[in-house]
Amino acid sequence: MDALDRRIINELQGDFPVCEQPFRAVAEQLGSTESELITRIGCMLDDGLLTRFGPLFHAEQMGGALSLCAMHVPHEHFETVAKIVNAFPEVAHNYQRDHHMNMWFVLATETPEALQSAIDRISQSTGLTVLNLPKIEEFYVGLHFEV
Amino acid sequence: MNSGNPLCVAESLPDLDRRLVLATQTGLPLDARPYHWLASELGVTPEQVMERINAMLADGRIRRIGVVPNHYRLGYTANGMSVWDIPDEFIGAVGPEVGKLDFVSHCYHRPRVPPDWPYNLFAMVHGRSRPEVAALVERIAGLLGARQRGHDILFSSRILKKTGLRLGG
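These protein sequence lines map, in sequence, to chains A and B.
The first sequence begins at 149 in the numbering used here and counts up one residue at a time.
The second sequence begins at 1402 in the numbering used here and counts up one residue at a time.
Please keep in mind that the hints were generated in silico from the structure rather than gathered at the bench.
Hints should not be assumed to be uniformly reliable.
Below, a list of computed lysine to aspartate or glutamate pairs in the EDC-like style, where the Cα atoms sit at most 16 Å apart [what the hints assert, rightly or not]:
(1) A:Lys283 x A:Glu208
(2) B:Lys1562 x A:Glu227
(3) B:Lys1501 x A:Glu286
(4) B:Lys1501 x A:Glu285
Not close to chain B: a few residues of chain A, all C-beta gaps over 10 Å, as computed [said to hold, decoys possible]:
(5) His225
(6) Thr228
(7) Gln272
Each pair of labels, with its calculated beta carbon distance range [claimed, not checked]:
(8) A:His225 x B:Asp1416: 44 to 50 Å
(9) B:Asp1553 x A:Gln169: 45 to 51 Å
(10) B:Leu1423 x A:Ala235: 22 to 28 Å
Keep in mind the model is a prediction, meaning the values are calculated, not measured.
Just so it is clear, CB atoms sit at the ideal spot from N, CA and C, and this is done for glycine as well.
So here's chain A without its partners, still in its complex pose:
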């Protein structure tokens, strides 16, 4: 990663223009060229320094429903419960966390009704209480990483 890569990461985490030749517009600001910028972004994606280049979508605004759920899973049953929970297609992410509430997963469905149904079925099939923690208000999403 050299100075130009760092500038691309720092300057291009939003506001990529919507115009005929957006790379050329950005390259001018960064003191680079259109082809160099395209090559650099491609290399950083291939290399894994970037996980994505493009639009970032807002799930709920797309018409879907989303919630964060938590469970306390007894340690001796953890792996079994993880398999059961992960098998639900509605479960998008699932993380083990170091806490009494040790399993945290995100449910994504097309409707709020489907969300509640998934919670009920997960609770039935695991025999555990599922805490449903849908967001009430979003204060901020997105982090500007400086390199």
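Guided by the hints, dock chain B onto chain A, whose structure is given.
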């Protein structure tokens, strides 16, 4: 979580918007004229593509367009979910204050579920080590003073499942 939330796109979305989401779910084409490239792929005009993308930016369906750095590769290897019990009368003021801190990536008001879960504010804190994250969380505690009744940090120990974008219908 760094690559954005998974998506379920309702069938009710206008057809071109839905096709644009599908066509860009793995990203924008690395082409000098990316919107023209999408237009020819979808059989519409570049003007239509740019108009729909601008509309989705304007109504919030697209949060932003740009690069998403891999924060692990940039050295931000410790991520802690800090959770806070904020009295209801302060949540509206505290949320934006915490959310604007430069080491907080996501900040949400969520319901308490007594007696199991007393915390109603979630703020994801990023740092280069767990002690650094813990110190940043204490900075938040200092900022909030008496406006918080308790807090905790949950570090993730394992990713059990992670899927990307998903289109419904």
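* Asked: Quick check: which numbered hints come out false for this structure?
  -> Violated hints: none; all satisfied.
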